[in-house]
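Q: Residues per chain are reported as follows:
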Amino acid sequence: MSSDSQASEGEVYSLNMGPQHPSMHGVLRLLLDLRGEEVIRAKPVIGYSHRAHEKMAENRNTLQFLPNTSRVDYLSGMIYNLGYCQAIEKLLGIDVPERAIYIRVIVNELNRIASHLLWFGTFLLDLGGITPFLYSFDDREEILDILDQVTGSRLTYCYGRFGGVTWDVDETFLTRATAFLARIRERLHMYKQLVTDNVILRERCTGVGVVSEALAKSYGVTGPSLRASGVAYDVRKAEPYGGYDRFDFEVPVLHEGDTMARFHIRIREIEESCKIIEQAIEAIPEGEILPKKMPKRFKLPEGEYYFAVESARGHFGMYIVGDGSDIPVKLKLRTPSFSNLSAMPETLAGTMLADTIAIVGSIDVVMPEIDR
Amino acid sequence: MGYFGNVFGGFGSLLSGMSVTLRKFSQTVIRRKAVTMQYPKELPELAPAYRSAIKLIRFEESNSHDCVACKACERICPSYCIKLSGGKVEGIKKKRVAEFEMDFALCSLCGLCLDVCPTDTLEYSKVYEEAGYNRDWRVDLLAEFRDYEEEFVAKQRVIEEKAAAEKKAKAEAAKKAKEAKKKAEADEKADNDSKEELS
Ligand code: SF4
Ligand code: SF4
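Protein chains in written order, with the working numbering: chain A, 4 to 375; chain B, 5 to 203.
If you're looking for bench data, these hints aren't it; they were derived computationally from the structure.
Every residue gets a Cβ at the ideal spot worked out from N, C-alpha and C, and that includes glycine.
Any given hint might turn out to be false.
To be verified - Just some of the chain A residues that point at chain B, by a computed CB distance under 7 Å: (1) Pro70; (2) Gly155; (3) Leu158; (4) Thr199; (5) Asn201; (6) Glu242.
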């Protein structure tokens with residue numbers, strides 16, 4: 004009795020949420036200071052799935068690092084894998100055949116949709132809705148099957164090679180991808196009916212966990228979370244790479260900065276990705292998928308290089324230091340979730356415990372990517 | 005009014021959500037358009053690009069693999085899962101691999117070993133039912149080839165001998181042709197000389 008009343012009057016106590024909590028994705032641990040149900044302070048504790056990918060990069064040659072890339076972020080592994088290839092290609096001046104450029108765009112965007120669908124399902128599962136989870140995983144499964152056709156893997160792809168890709172896409176792949184676009188558009192309509200219009204979701208998300216533009220910028224928040232706070236920054240538009248400047252697509256922006264805005268941005272990004280895939284399938288030329296002449300070893304010239312791509316969660320950058328050999332002196336991976344999560348303590352302070360789940364879920368963290 | 009508006013609006017949104025659920029229910033339960041594959045009864049169709057543990061290809065003409073124990077795959081493998089040894093074999097010129105062990109527990113299925121192999125004798129296998137009771141996943145890739153090795157060596161010897169004989173014959177023919185040419189030249193020269201003398 005006494006402890007109850009004390010707590011309600013203002014005793015602050017600490018609560019560990021995670022690392023093994025069903026709604027903390029991966030192994031995120033949040034150290035919460037609570038007064039009753041109100042969060043006074045939140046501190047993310049990370050490092051539970053650290054695998055030393057950056058250190059591994061210093062001990063193997065550039066080619067051997069390829070399988071590591073997709074393991075950094077297993078939900079958008081393709082974007083990471085191909086992003087690393089693109090970085091090395093730009094560094095060494097390797098020309099990518101036209102067909103490979105288009106294939107890369109298609110698989111990248113499919114992977115982005117798959118990642119957003121998984122987020123969609125698990126986010127709603129955290130909020131207590133189990134049905135959308137089943138539907139979105141059904142859709143995602145279709146993408147994984149399509150990608151499996153050419154990459155031979157489901158999640159940890161090693162599809163890219165310096166200069167191209169390992170396996171050519173065939174008619175079946177393209178027709179399946181086209182069919183999928185029709186399907187996902189219909190499903191998005193259904194999701195709107197089932198989820199987005201739902202009054203409970205709106206009540207729980209609107210105005211909750213507002214990340215202001217200034218806060219987002221000061222922590223280097225990127226990706227959909229940044230675009231929901233009113234900044235139209237997308238690496239695909241800001242510094243076009245891998246042929247993205249040829250496609251006509253928009254960068255959706257909302258200004259509310261709350262959980263609902265982040266939700267809407269991701270749904271609209273799925274639509275934009277569909278547009279890109281459609282154009283790419285239409286325009287894909289015949290030809291080679293790897294350049295004819297390739298060096299045997301990929302030696303990094305002396306100096307420091309930076310290259311960034313837009314992953315499903317934001318700005319993924321690679322900072323490479325070379326010394327003339329084919330083993331990098333340093334390969335730093337700048338992963339978006341880390342910065343996105345850093346903005347959380349300030350956002351979470353003063354919210355209710357139940358909203359914590361919604362807010363942390365809405366920035367879509369992938370822990371292995373943060374820990375690397 | 006705002007209050008009642010909210011209540012009705014909210015109720016409407018719930019109903020529209022429920023209608024989706026009902027529609028899907030009728031599709032899957034009543035019309036039996038299930039999306040789940042009943043795995044052990046139905047088996048998945050594997051894509052041609054499907055990746056599983058690597059294996060050596062059995063070529064038709066030789067009824068064996070073509071590994072020359074160059075160790076390129078062992079060197080490139082980022083996970084250190086290939087261990088092989090081999091070299092000269094009695095009786096033939098071609099090098100052969102003697103031991104080829106691969107630890108599938110370590111393999112990341114990156115495919116770099118396939119890319120570097122000079123004789124293109126590696127490929128992904130298509131096995132996928134690989135649950136096991138211990139951690140030991142070392143596979144002897146040569147197991148299915150051992151019985152054929154003698155046969156291969158015998159065949160290869162014939163091929164090599166034939167090739168050597170052909171080469172020898174060719175060389176001889178070339179030598180002969182050269183000699184003939186020389187002779188012809190010499191003759192011509194002699195002819196010319198004699199002609200010059202005559203004139
Ligand atoms: S696929 Fe990659 S990890 Fe597996 S054996 Fe080949 S090189 Fe090694
Ligand atoms: S690279 Fe090919 S030929 Fe060389 S050792 Fe490996 S399997 Fe044999």
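Q: Could you check the structure against the hints above and give me the numbers of any it violates, in ascending order?
A: Violated hints (numbers, rising): 3, 4, 6; every other hint is consistent with the structure.
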